[in-house]
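Asker: Take these sequences, add in the hints, and give me the full structure.
Going down the list, the sequences are from chains F and D.
Throughout the first sequence, residue numbering follows our numbering, covering 1 to 190 in sequence.
Throughout the second sequence, residue numbering follows our numbering, covering 1001 to 1190 in sequence.
No lab work stands behind these hints: they were computed from the structure.
All values reported here derive from a predicted model rather than from experimental measurement.
A few chain D positions that, by computed beta-carbon distances, are all more than 10 Å from chain F:
(1) Ala1002
(2) Ala1025
(3) Thr1029
(4) Gly1036
(5) Tyr1119
Covered by chain F, according to a simulated footprint, are these stretches of chain D (three or more residues, beta-carbon under 8 Å):
(6) 1039 to 1051
(7) 1089 to 1097
(8) 1104 to 1116
Yeah, the Cβ is synthetic: ideal placement off N, Cα and C, and Gly gets one too.
2 protein chains.
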Amino acid sequence: MATPLRVLGIDPGLTRCGVGVVDVAPNRTATLVHVGVIRSSPDAPASVRLAAIAAGLREVLDEHRPHVVAVERVFAQHNTRTVMGTAQVSGVALLLAAERGLPAETHTPTEVKAAITGYGAADKRQVQTMVARVLRLDALPRPADAADALALALCHAWRGSAPSAASPAGAATPAQKAWADAERLARSGR
Amino acid sequence: MATPLRVLGIDPGLTRCGVGVVDVAPNRTATLVHVGVIRSSPDAPASVRLAAIAAGLREVLDEHRPHVVAVERVFAQHNTRTVMGTAQVSGVALLLAAERGLPAETHTPTEVKAAITGYGAADKRQVQTMVARVLRLDALPRPADAADALALALCHAWRGSAPSAASPAGAATPAQKAWADAERLARSGR
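Answerer: The structure is reproduced here in structure tokens:
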């Protein structure tokens, strides 16, 4: 059996940054490796908070040695009050990946939901339920908000596998079709 | 004479990141130490671009050893197409400062303009002209877009000096008053 791809998913945030590591085999079977949340104190200056998040991310990178990093793409129009801190954390996450020579990509929440549930407008609970099912967990992943990081990692890994390899007959699964649609939407100008 | 404060100002950007280093004496006299622009290739992945900017910033930090770092504050509502990359670079800049134990703060463009020209809505040319005058340069600072980084560094240094020390009689200069107004505006909810 070929080596699984180890993906680190990062749901960036200055107060809570979700991290999830999964191994995904060439046949798309996925296994949970690590899930957690890195926190920083809202009372600290922004630079110190970013350093705390960076230290936590480096620990995960050192301990779990992912092959690739997937970071949620941040949009300016969402959650204006916190979006700048979120974007700053995403920049730090991408930097840490590059400094270790790891490929890093961003995915939109719509791409992630479509990849995981087959439906780009799925709610948080649906995503968590599917993540638990895919990873064969007995309960929803904890902490709940780190489930997004796992979903991101799964989305990235599945995207990497060519549909023709995953579906030899050339028939894309509903999730693959939904993902392709979401990707087209994202590329067409969001 | 007391040691001058050495300030690194950073005007964050993914394609062009302006950097300016100034020494500011307790009497507010300022001297140019370094000005430049760090570039990254638009063709490279975001993570690689951020690593290129980080490498350039580390060079400036190593060569010029500033005491403090000032970074322009990014707002979600401006220049939506590039604002996320700008915010990511600002996060990287703040991280690098924190990792060297340097205090780092952000200032709004309005604060900077008010500190330099006495007028928060000053145009680029006015800011460049005042930066050149303050630093006793024979011509406008080059490259032109790095003048913003110098203005940011000056703003930060002047902010640090208590108005009562700079104006023993307690009378704030027009620039100080304008800066205080800009700061109040920024704190009141922008």
